[in-house]
Amino acid sequence: MAYHPNRVASELVKISMKRQTITYTELGVALCRAGPSPGRGLGPYLDACQDWLKKCNLPPLTSLVVRKETGRPSSEAIFFGKKFGDMTDEEIHSLQTECFDFQWTEKQLRALGVHSHGA
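Everything in the sequence shown is counted per numbering that gives the first Met the number 0, starting at 0 for the first residue and increasing by one.
It is possible that part of the hints are untrue.
Here are the simulated EDC-like pairs of lysine to aspartate or glutamate, each with C-alpha atoms no more than 16 Å apart in a straight line [claimed, not checked]: (1) 17 <-> 100; (2) 17 <-> 97; (3) 81 <-> 46.
So the derived label-pair ranges between C-beta atoms look like this [unchecked claim]: (4) 68 <-> 34: 14 to 24 Å; (5) 99 <-> 69: 27 to 37 Å; (6) 24 <-> 99: 18 to 28 Å; (7) 35 <-> 69: 31 to 41 Å.
These are computed hints drawn from the structure, not numbers from a lab.
Predicted model only: the values in this text are computed from it and were never measured.
Built from N, CA and C at the ideal position, the CB exists for glycine as well.
Build out the structure end to end from the sequences listed, making use of the hints.
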């Protein structure tokens with residue numbers, strides 16, 4: 000099943016509004032992926048989401064998707080030319096904080112299907 004980038008982004012906006020991160024498995028479940036490893040294979044969808052977010056001048060929400068074992072994004076995932084594995088904890092935290100602090104407008108939230116009072 001393919002996911003439009005804003006479908007992935009809508010789940011990540013909900014997480015950012017709670018100032019939390021989400022594991023790949025949790026995101027897979029939120030996207031209604033079936034099977035024993037619902038978080039496996041999300042990379043292409045996260046890449047497309049990241050490109051879409053950049054085009055729309057929105058924060059780097061894909062930085063909120065982390066591995067359960069490390070609490071960090073996949074080391075092989077690339078954020079605009081740089082692997083998360085090559086980033087310091089401070090760099091990743093800075094990207095995540097940008098997401099947490101972003102002031103979403105009602106129009107943006109409606110467009111993503113996110114309710115501002117019950118994210």
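Next on the checklist: Flag every earlier hint the structure violates by its number, smallest first.
Outcome noted: Checked against the structure, the hints that fail are numbers 5 and 7, while the rest are satisfied.
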